[in-house]
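Peer 1: Make a model of the complete structure from these sequences and hints.
One gets our numbering by counting positions in the sequence shown from 1 and adding 22 to each.
One or more hints might be untrue.
The calculated label-pair distances, taken between Cβ atoms and stated as ranges, are [what the hints assert, rightly or not]: (1) 159 to 238: 19 to 27 Å; (2) 154 to 272: 38 to 46 Å; (3) 153 to 207: 44 to 52 Å.
Below, in silico cross-link-like pairs of lysine-lysine (DSS-like), each with a Cα-Cα straight-line distance of 27 Å or less [as the list claims (entries may be wrong)]: (4) 300 to 290; (5) 203 to 300; (6) 203 to 298; (7) 290 to 303; (8) 203 to 290; (9) 203 to 303.
FYI, nobody ran anything at the bench for these hints, they're computed from the structure. None of the values given here were measured: they were computed from a predicted structure. Each residue gets a CB set at the ideal place from its N, CA and C atoms; glycine is no exception.
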Amino acid sequence: MDQFDKLLRQRAAEEPVPIPSDYAGRVFQACAALSEAPQKIHHRHWGRWLAAALALFIALPNVSTSAAAAMTEIPGLGALVKVITFRSYSYDDGHSSMDILVPELSGSDAANAVNQEVRTYTDELLTQFYRDCERVGDGYQDLRVSSVVLANTDTWFTLRIDATQTEASSYAFSRFYHIDKATGQVVSLGDLFRDGAEYTAVLSDEVRRQMETQLSADRTLAYFPDDFDGIDPEQNFYFDAEGNLVLVFDEYGIAAGSMGMPEFTMEKNIYQSLLKEKYQKG
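Peer 2: Structure follows, in structure tokens:
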């Protein structure tokens, strides 16, 4: 507890917006208001103090970003204090409309880095949207941006941002942001693999094989395997529940719009030997 107390006090002292002066009092008042049978009070007075301390520990990161950051520096506590808020933008002039709701993360330098990337990305979308408003005039256009947290374990975090632009037709695309909590780093696809590993060739061959297999089984599918030059070195991806790598393509990227956003699951045995050692154990 000494290490925790020292770090928390240091960060709290630097907090630009102080914690409300009556915050702790509110916590203890709430705990004191809990009804208990008189005969059990002497057995359970420790429980009250423990409940108060636990309530303060859980709530503190939500009222103090410095406290949250301090907690992430305590070994084993980082995964407990991930705080998520939201930034939203909306617009509707009767012709063009826009609705953006994206999360803002806190708790680590990597989370701040993701925030900056998401801000840059959404700012680009907003700038293009307002340019399109001038271009289409009284015509119709729409932009929708939403998000989902795909993973938030003790060691890994994945945020997915989905966007859909609609004018004469719609176009859907996504961006994925990953944090390796073990290293505290933001991770892209290339970071998973050993230097010099031919991961793009191996994964591209598997995507091409799956497209051709699916087309052979169902000729109504509209993949474009002949136009597929290979995956991008920083291809969108996520890990499924079994730990397999899933590659995600934007709409129209490798197939007709009717195919939506194609996803291809890469079995571990295809690429595992190419991974950096620390990821081979995952």
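Peer 1: With reference to the structure, classify each hint as holding or not holding.
Peer 2: Going down the list of hints, with the structure as the test:
1. The beta-carbon spacing between residue 159 and residue 238, approximately 47 Å, falls outside the hinted interval of 19 to 27 Å.
2. Here the CB-CB span from residue 154 to residue 272 is close to 18 Å, at odds with the stated 38 to 46 Å.
3. At about 35 Å, the CB distance of residue 153 to residue 207 disagrees with the hint of 44 to 52 Å.
4. Distance restraint check for residue 300 and residue 290: the Cα-Cα separation of roughly 14 Å lies within the 27 Å cut-off, and the hinted pair is therefore satisfied.
5. For the hint pairing residue 203 with residue 300, the CA-to-CA distance comes to about 13 Å; that is within 27 Å, so the pair holds.
6. Between residue 203 and residue 298 the CA atoms are separated by roughly 16 Å; this keeps the pair inside 27 Å, and the hint holds.
7. A threshold of 27 Å between alpha carbons decides the hint, and for residue 290 with residue 303 the separation of about 11 Å falls inside it, so the pair holds.
8. Our distance criterion of 27 Å between C-alpha atoms is met by residue 203 and residue 290, whose separation comes to about 21 Å.
9. Between the alpha carbons of residue 203 and residue 303 the distance comes to roughly 15 Å, so the proposed pair stays at or under 27 Å and holds.
Taken one by one, the earlier hints fail for this structure at numbers 1, 2 and 3, listed in ascending order.
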